[in-house]
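Q: Sequence:
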Amino acid sequence: MYNEIKASTYRNIILSKTDSAKIVETNSKINVDSLFNSYTLAEKDKTLGSAADRTEALASEWSMKSYQTTDADNNIRKHEADWHKKITLSLSCLIFFFIGAPLGAIIRKGGLGMPVVVSVLIFVIYYIIDSGATRVAKSGEMNMVLGVWMSTIVLAPIGAFFTYKSNNDSVVFNAEVYINFFRMLLGLRPS
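The sequence shown begins at 98 in our numbering and counts up one residue at a time.
FYI, nobody ran anything at the bench for these hints, they're computed from the structure. Some clues are possibly wrong.
Said to hold, decoys possible - Straight-line alpha carbon distances no greater than 30 Å define the calculated DSSO-like cross-link-like pairs of lysine-lysine that follow:
1) Lys175 <-> Lys162
2) Lys183 <-> Lys235
3) Lys175 <-> Lys235
4) Lys119 <-> Lys143
5) Lys182 <-> Lys235
6) Lys162 <-> Lys143
7) Lys141 <-> Lys119
Stated by the list, open to error - Just the calculated beta-carbon pair ranges, DEER-fashion:
8) Leu243 <-> Leu132: 55 to 61 Å
9) Ser135 <-> Val233: 55 to 61 Å
10) Arg174 <-> Gly210: 39 to 45 Å
11) Phe278 <-> Thr166: 53 to 59 Å
12) Asn128 <-> Gly237: 43 to 49 Å
13) Ser157 <-> Ser236: 25 to 31 Å
14) Glu273 <-> Lys175: 45 to 51 Å
Values in this document were obtained by computation on a predicted structure and should not be read as measured data. Glycine included, each C-beta is placed from N, C-alpha and C at the ideal position.
Construct all of the structure, not just a fragment, from the sequences and the given hints.
A: Okay, here's the thing in structure tokens:
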């Protein structure tokens with residue numbers, strides 16, 4: 098892309114060493130301002146009009162190429178996001194297994210209802226993070242890898258934590274444990 102713009106803007110004239118030496122010698126003798134001032138009014142108008150037309154044509158060409166480049170970049174980002182999505186969706190199934198399976202063992206109160214509520218809440222958090230970060234990554238405002246993998250990065254430690262707590266038979270969602278902790282922290286006696 099850069100080479101195309103460079104080729105359309107600058108004329109690439111191949112000269113031998115003797116020709117280029119003559120040009121350097123000639124350029125040092127010619128003052129461009131005095132040359133322009135020596136033109137008649139009609140020649141000045143023609144020269145400035147030609148320069149303005151050339152500049153306008155180049156600006157239009159670069160504008161069109163920038164649209165093409167923007168579209169190509171968007172397509173590349175979408176394909177890259179889809180490639181990463183194939184991996185992250187498979188991995189998120191495993192992560193949800195490591196979140197959901199321990200939830201049944203950890204949450205003993207409430208029967209089937211409480212683990213389902215917590216699981217749905219975790220999935221909603223996953224969906225919000227995943228859709229938001231992927232959208233930002235596809236727009237190019239965030240690194241693609243970080244954007245698409247954000248939900249996996251956030252949920253993997255939660256899955257590891259729940260699995261660890263389940264293996265140790267720890268009580269995570271028992272409200273009495275937290276109430277006793279805050280009573281002890283505030284110095285209140287149990288009622």
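Q: So, for every hint listed, does it hold in this structure?
A: Each hint, compared with the structure:
With a C-alpha separation of about 20 Å, the suggested pairing of Lys175 with Lys162 holds against the 30 Å cut-off. Of the pairs offered as hints, the one joining Lys183 and Lys235 holds, with about 15 Å between alpha carbons and a cut-off of 30 Å not exceeded. Our distance criterion of 30 Å between C-alpha atoms is met by Lys175 and Lys235, whose separation comes to about 6 Å. With a C-alpha separation of about 28 Å, the suggested pairing of Lys119 with Lys143 holds against the 30 Å cut-off.
Straight-line distance between C-alpha atoms of Lys182 and Lys235 comes to about 12 Å, which keeps the hinted pair within the 30 Å bound. Between Lys162 and Lys143 the CA atoms are separated by roughly 28 Å; this keeps the pair inside 30 Å, and the hint holds. Proposed proximity of Lys141 and Lys119 is supported: the alpha carbons are some 27 Å apart, at most 30 Å. At about 56 Å, the CB distance of Leu243 to Leu132 agrees with the hint of 55 to 61 Å.
Separated by about 59 Å at the C-beta atoms, Ser135 and Val233 satisfy the suggested range of 55 to 61 Å. The hinted range of 39 to 45 Å is satisfied by Arg174 and Gly210, whose Cβ atoms lie roughly 42 Å apart. A C-beta distance of roughly 57 Å is found between Phe278 and Thr166, which places it inside the suggested range of 53 to 59 Å. The hinted window of 43 to 49 Å between Asn128 and Gly237 holds, with their beta carbons roughly 47 Å apart.
Take Ser157 and Ser236: their Cβ atoms lie about 27 Å apart, and the range 25 to 31 Å holds. Roughly 50 Å separates the CB atoms of Glu273 and Lys175, a value that falls within the hinted 45 to 51 Å.
Figure legend: structure checked against the earlier numbered hints; every hint is met.
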